[in-house]
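Listed in order, the protein sequences are those of chains A and B.
Numbered according to my numbering, the first sequence terminates at residue 541, and the numbering increases by one at each position without gaps.
Numbered according to my numbering, the second sequence terminates at residue 1450, and the numbering increases by one at each position without gaps.
Since the hints were made in silico from the structure, they are not lab data.
Careful: at least some of the hints might be erroneous.
Sample of chain B residues at the chain A side, in silico, Cβ under 10 angstroms [as the list claims (entries may be wrong)]:
#1 Leu335
#2 Ser366
#3 Pro368
#4 Ala372
#5 Glu383
#6 Phe441
#7 Thr447
#8 Asn471
#9 Asp474
#10 Val479
#11 Val482
#12 Gly484
Straight-line distance between alpha carbons at most 30 angstroms, and here's what the computed DSBU-like set of lysine-lysine pairs gives [unchecked claim]:
#13 A:Lys192 / B:Lys353
#14 B:Lys434 / A:Lys192
#15 B:Lys473 / A:Lys195
#16 B:Lys473 / A:Lys192
#17 B:Lys949 / A:Lys195
#18 A:Lys380 / B:Lys347
#19 A:Lys518 / A:Lys441
#20 B:Lys416 / A:Lys191
#21 A:Lys518 / A:Lys380
#22 A:Lys380 / B:Lys353
#23 B:Lys416 / B:Lys629
#24 B:Lys720 / B:Lys710
#25 B:Lys602 / B:Lys629
#26 A:Lys191 / B:Lys473
#27 A:Lys166 / B:Lys434
#28 B:Lys710 / B:Lys668
#29 B:Lys658 / B:Lys720
#30 B:Lys668 / B:Lys841
#31 B:Lys1255 / B:Lys1168
#32 B:Lys919 / B:Lys1273
#33 A:Lys191 / B:Lys434
#34 B:Lys463 / A:Lys191
#35 B:Lys787 / B:Lys668
#36 B:Lys463 / B:Lys602
#37 A:Lys227 / B:Lys434
Beta carbons: idealized from backbone N, C-alpha and C, even for Gly.
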Amino acid sequence: MKGIDDVVPVLIDADQQNGDLTRTVELLERYGEIRSHLSFEDVDRDAFFGTSISDKGMHYRVPISGEVNKTFGDFIHFNQLDEQNQALISLLFSKKNLKAEMNVGFKGNPNMGSVVLNNFSEDKRADISLKQLLSSFQCDDRIFIISSIFGGTGAAGFPLLLKRLRGAMAEDFQAAAFLRQCQIGGVTVLPYFGVENSEESTVNMGTFLSKAKSALTYYLNNLDVNVLYYIGDDLKNNYRNCEGGRYQENNAHFVEMAAALAVVDFAAGDFQEGHVFKEYAIRKDVDPVTLPQLSVQTQQVMRKPLMQFFLFCEFFKNKLSKSLSYAWARDKHLQEAVFQTEPYKSLNIFFDGFLDWLHEMEENSRSFRPFDLDFAKQNPLDAVVGILPLRENFLRRHFGPDRGYFTLLDAMEKVSVKMPQKISREDYVMNVFFDATSSVIQQYF
Amino acid sequence: MYFSTLRLLLSNNTFRKEPMSHVFRFHEGNESLDGWEYSNQYDVKSIAAIKDPAGGSVTLPITSIPSPFAGFELVRSAFNEVTKNDAIGLQGQTVYHQLVSFSLDVMEIFFNFKMLRDHYEIIQWTRRDLNKLMDSSTFRQLGATLELFMDQDAEGFHFNKMDSIYLLNYKDGPDAVNIVGGTSPTSVCVASPNDLGYVETYLTNHRAFDADPANFKTLYERSDDFIRYLWLLSRQRSFRLVFEEVVDYVRACFAHISRSELKDTLRASSVDDYSANYEYLQLGANNRVFLLSELPLRIKSDAIGYIASHSDFRILCSKSGGLNKDKPPLVLPVSPFSETKVFYTSGFWIHGNVAKPYCEEPDLNKRELPFDGTVYPYLTPDDLFEPYLIRTPYPINSNCFFTGLLDKSDVGFLLPLKRRLFDYLDLSCLFGMTEELHPHRIFKLELLAGGSIRATLRVPIQQGRYVVYDRIYYNSLDMRPDRMKNTGVLVDGIFDLYIFPWFHLRGGTAASPQRVALIDEDTKAASLYRKYVLQFFRKDGRTCDEVERSAVRADKQQGDPLTTCYNVLSEEYDFIEVSVGDACGLVMPHWKEIAEGSKRVEVAVDFGTTNTHIEYKIDGQVRPFEISGSEVLSMPLHDYLDERVEKLFVERDLDYFLDIPRQEFVPLHIGGERCVHFPTRTVMCRSRRRNASLGSISPLADAAIGFHYERYVEFNHNETVTDLKWTGSENAALTEAFIEELLLLLRYKIIQLGGALDLTSITWFFPVSMMPYQRSRLSIIWKSLATRLISSDCHLSCITESLAPYYYYKNSKGVNSSVRPAVSMDIGGGTTDFVIYDANRPVSLSSVRFAGNSLFGDFYGTDILKNGFVQRFEPKVLEAVCGKGNVQNCYDKIRRCGHSSDVISFMFSLEQNPELSDSGVSLSAWLRQDYGMKFVLLLFHVAQLYYVSRMLKARDMHTPAYLTVSGMASKMLSLLGEDENLQLLTRCVFNTLLQDNGDVELCRVDNPKVITCKGGLDLRPEDAQVDVESLKYVYSGSARFDVSSHTFREVDQAVQAEVLQSYRDFVDFFFDLDRRLPFQKFFGISTRRMDFYREVLLNKSGEYLGTVIEERIREAVEEQTPKVEDSLFFYPLMGAINQLSYEISQEK
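I would like the entire structure built from these sequences, with the hints used as guidance.
Following this line, the structure appears as structure tokens:
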């Protein structure tokens, strides 16, 4: 990512069982594993896995304990409060709030969450983690917070975390002064999916927009961020209604990808003076969304890398073994067995995750369909939906179903000979693929 | 590369920016964005523009705001939503409307707090309370979070513009603390997120927190009062800057107000009206409620509270625990008020204003004040005066009852006042005078021309003023009361009351039995079906629910000439409400307050077969029980001290008012020279129509001691039961009631005397012949009744009646048996008790059923026609009572019941009867002069002396030093002769039979019945501790027969023969006595037919013996083997003496 030395993703969820959470952490760990075998000595060259992502020894999580086997009332010791405070709490929280069991998060009650999650200083683990995380915080470092507005933990945690950071005290944090001044961005994901209606559940889709509206009103005056990204979409798909836990494993969604792109945008921009707001647009209100429908800016940022990685993925998964007899591999003694070891094992898993991601986005609604995934196995070059490769060049050399692969193989053969001799085998493979895919895309698209 | 890129652009238009795009959001806005591009904040407008398909029907609480103060924000956005979002609108049924409606409810409760303060309290929460949380490790996380949000969101939530949050606690809710809402720096007020269905607060036109969406109320649907208030509040500068959304809402509502006059008022109002029209809400002396740091919360001034604390027309409650303490009713003038500068509700009362004398609304609390309209209680004359004034046919005793009557009159009036008055005024206030320079009576009744009455009541109000209410009661049969004209009507009530007792025990807490007699002589055809009802009340107007029983004895509707009804209460009351039909009046006794004294009172009760007597000792003096002079125990409503009244009663044929108490209630007077006195006959008088199923009998209600018996005529509806002591369980309840009445009388007599109930001791007597079980039954009755009516500390002792008289003689008349024995002979109606004392201790005791009734009564199988005494003297009696209606009736009645002993008893009583005082009737005198009948008296006396001699002989004793005589029947000794001669007779009998020549002194008194009591009072404790059973001796008349262990079955022919022989020995001795002490000479007794008499005495002696044995066996029907309890010796004589008296009576 441009302008960024190191990205430190931190996932904050009191719901440690959450399926989406574990999936994400696994992929981040694979990413780290792959990257650990690569050197990136040439700082000027672009490369796959080029962005440094680190966990600062925390496995990408702050183990916040919002998950308590107590009712909310017991948690705050309601019955022991003096008359005045009991009276105030009775006004602020309903009896239902006070009786709510909290072992499944806050079920869309971020007002409770705002109290329970505010335990950085009370919960030793969280306290240490957050201090550790921010111990090396530098003057120009930035923080970006991603959350949905209509949920539980995230919705509660975003403003809370923000307030903690903005109100950081020297006794809590070494870098308190930097924290108070640093650029903080956030993306607020408004509703973009629904849930199936359930009599038993306290999560009710009908309130998603009402909730979002009242939270937005709260954000209006009570959110001290430099830049706030808003995104949301029509509620086209109903997810299975579950109040949390391992069953909460929702399909990836275009909106989430767009939200992730906000990170890139934030990283690239300078919002030091600002108190600004951004929204996301595509060219047309279509479903499915294809690459050409993305905005110019988005395409500039992600079209080529996405296509490169997709080609890499498809080739690696489908044609790698057949290509090992060619010079690019033969000269470097890259036999099949090499690809059974790390980092290729992890790479393979990462590709699986990548393809799952594409599949899920395609199947979701609104759908994002950059590639025709079924067709891609035969010919990844022809699988980019909405964009045809330039025919004349393409037809010049190869025919038949595998012509896309051979086109890429040609490119690989070409770039491999230009590779410096001293680089490691892992760097070699990664650079060959990067340069080859880059050249193919430049040549045909 | 550049080329290819360019080509790519051209060929696919991929990178051409198009003017329109699709933005990922929910509202309309700048649509020409590209990827992540600068846009605007979601502001109020854009948030409102988000189309929320479910927004209209959201019911789940919206809790998405990630702040503990979410609720504050929620309500603010709800105000915004209904104001700005046309799709939702001001009026509707969404959750936003609910939030707004409930928030307004909270505001309105604050606004009306002065009126609602009974139901709500305000709890103040300040930063100090937050610090308390921070200081505690338990609450730190909560405190830190609240602080974090209050600091960080200080601007957005205006936490920096307020100092406190005020929370409304609903005191009537289900939990200890029920917070229903509070102030908020975002939206003025918020309601609790809980279900508030339990709140029972009604604002002007709806119920607060009604969750039914149909009942959500906008501001413009609320009261003008509140709209005006919020309008003014929303125009305050600091309010406008902070509560923008509420201000916008109020303005939006303005357009919807349909009442143009209200709109005009709002338009014309000025910002300053807020401070001018409303008062501060204070939590304490120096604690004013501030909505914002610079904006004190003002609320509706409490018009009601102001009146309640300022109006000069508030009734001056003289009672500490009066009703409506927080809202004392006003007493408004119904005629032009002469006082000036009397503050009414918001200004002075206008001189010419007059309130109506009545109000249609019966509930004081719902009345609207005249000339003001505030709902506030006020009183009218119609609330205080009854429509009818009850007139009694006699003057009411104004010394003992409050009458308010100024003038002398030969009629009386009940107080025509409603009880409601005593919710506010003390009785003493009513009885008193105004505290003016020239005092007036608080209440008075004045006679007007034509017999009408004016009742005037000066009701005390504030500042020492009085409002005068009066009502005229017309003396007219044709008129009806008219509340609009404030007029009433007189109505006659022909009744009288007796209240017993008529004093209150000061500081007394124990149950205090009360009786109230109602005598209703309202028996004209028109009023026959009128029923008089009494209700009893305490000072504060509270009903006295202690009426235990109400007994009707005479019933005019059942054909009796009157109705009598007796109320039994167990606690003191203060006044009585008498109602008859629509008419109602109060009887207010001037209760005499008597503190229980400290004097020791000793009481002796001789509860005898025929007569009962009570004496008591106080301050060392022994006196009989009397009620005399003004020291009455029961008080009639009529003026009993006014001589005119008795005359009036006779004139108006209302004698029952005087006569009834003698046989149904407590006689006004007892003792002295009157007919009604102790000793009195042991009888109970009850209604013939009594309820047979009645388990217990309340004395002075169901039945009463018949003080009238033998003295006054008995009413037809009554019957009198005699012989209480000896009959079985049938009359057990009556016996108990008799004792209870004695103790009731004693209780109040002791209190009146200044005696201490706790220190009272009671001695009662039982005859020697009484079975132990009978005695223990009586003992239990005495104990439980004395505990209940006198005191649990009351000392009770019982002693045989045979022993007591001796101690009277010993202590008062110098009798002493320390050298030689003394004999006590107590001759009662049923039994004669003989006791021999040696060294002043009883050594032998014998009780025989040969007494007054054996002499004057009937023998088995004979009746009044065969009774010599009745036959002899009846013509003379009839002659004397003839034409004396009352006495004659009495006599006829007693004569009809057929017991000769009762008839003779009555005949003896006649000489004391005031009705016959100058008729010369005296059975005693006649007997004294009757030489024939006196023979029987002599025989009777000698038989008893003979028996004593046998007793003495059995113990080898000689002629005693003294013979003391007592008992009612011992009176007949005075008929026999002079003491001197009687003494000679006594000595002669003893000396002859005991064969010595010792002297004996005969001791007797004129009123022998009372000395049992007197002796009892002189008894030392050790004198009473006598084992009667071990002293018992019976001379059976048969040497073979020991009474103590034999039964009647063992009385065989041989025994009978011996008894008859003993009897014959006695008869011989008796006639032989005439030689030693000639009867003619010493007693003026004719001895002309002595032989015939001897023949009569001996003729059927065997037969008589048999008859009595048979009867005794029959009486002891419950015993399998009836034991012989008394002397067989007297059995033949019992029949013989009866026969002899008859024979003599037939002599010319």
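Hint by hint, here is what the structure shows:
1. Leu335: 4 angstroms, holds
2. Ser366: With Cβ-Cβ at 3 angstroms, under 10 angstroms, it holds.
3. Pro368: Holds, about 4 angstroms.
4. Ala372: Result: holds, 4 angstroms to nearest chain A Cβ.
5. Glu383: 8 angstroms, holds
6. Phe441: Holds - the Cβ of B:Phe441 comes within 10 angstroms of chain A, reaching about 6 angstroms at its closest.
7. Thr447: At about 4 angstroms, which falls below the 10 angstroms cut-off, the nearest Cβ of chain A leaves the hint on B:Thr447 intact, so it holds.
8. Asn471: 7 angstroms, holds
9. Asp474: 16 angstroms, violated
10. Val479: 6 angstroms, holds
11. Val482: Holds, because the Cβ-Cβ distance from B:Val482 to chain A comes to roughly 9 angstroms (cut-off 10 angstroms).
12. Gly484: Holds - the Cβ of B:Gly484 comes within 10 angstroms of chain A, reaching about 5 angstroms at its closest.
13. A:Lys192 / B:Lys353: Since the Cα atoms of A:Lys192 and B:Lys353 sit roughly 29 angstroms apart, the hinted pair holds (cutoff 30 angstroms).
14. B:Lys434 / A:Lys192: The given pair, whose Cα atoms are some 26 angstroms apart, holds under the 30 angstroms limit.
15. B:Lys473 / A:Lys195: 23 angstroms, holds
16. B:Lys473 / A:Lys192: This hinted pair holds, its Cα atoms lying about 21 angstroms apart.
17. B:Lys949 / A:Lys195: 86 angstroms, violated
18. A:Lys380 / B:Lys347: Holds, at roughly 25 angstroms.
19. A:Lys518 / A:Lys441: 24 angstroms, holds
20. B:Lys416 / A:Lys191: Given pair B:Lys416, A:Lys191 holds - Cα atoms ~29 angstroms apart, limit 30 angstroms.
21. A:Lys518 / A:Lys380: 49 angstroms, violated
22. A:Lys380 / B:Lys353: 20 angstroms, holds
23. B:Lys416 / B:Lys629: Distance ~13 angstroms between B:Lys416 and B:Lys629 Cα, so the pair holds.
24. B:Lys720 / B:Lys710: 25 angstroms, holds
25. B:Lys602 / B:Lys629: 18 angstroms, holds
26. A:Lys191 / B:Lys473: Status holds; Cα separation ~18 angstroms.
27. A:Lys166 / B:Lys434: 23 angstroms, holds
28. B:Lys710 / B:Lys668: Violated, because 43 angstroms separates the two Cα atoms, which is more than 30 angstroms.
29. B:Lys658 / B:Lys720: 18 angstroms, holds
30. B:Lys668 / B:Lys841: The hint holds at about 26 angstroms.
31. B:Lys1255 / B:Lys1168: Distance of about 37 angstroms is beyond 30 angstroms: violated.
32. B:Lys919 / B:Lys1273: 25 angstroms, holds
33. A:Lys191 / B:Lys434: Holds - the C-alpha atoms of B:Lys434 and A:Lys191 are around 23 angstroms apart, at most 30 angstroms.
34. B:Lys463 / A:Lys191: Roughly 29 angstroms separates the two Cα atoms, so the pair holds.
35. B:Lys787 / B:Lys668: 23 angstroms, holds
36. B:Lys463 / B:Lys602: 24 angstroms, holds
37. A:Lys227 / B:Lys434: 27 angstroms, holds
The structure fails hints 9, 17, 21, 28, 31 (numbered hints given earlier, in ascending order).
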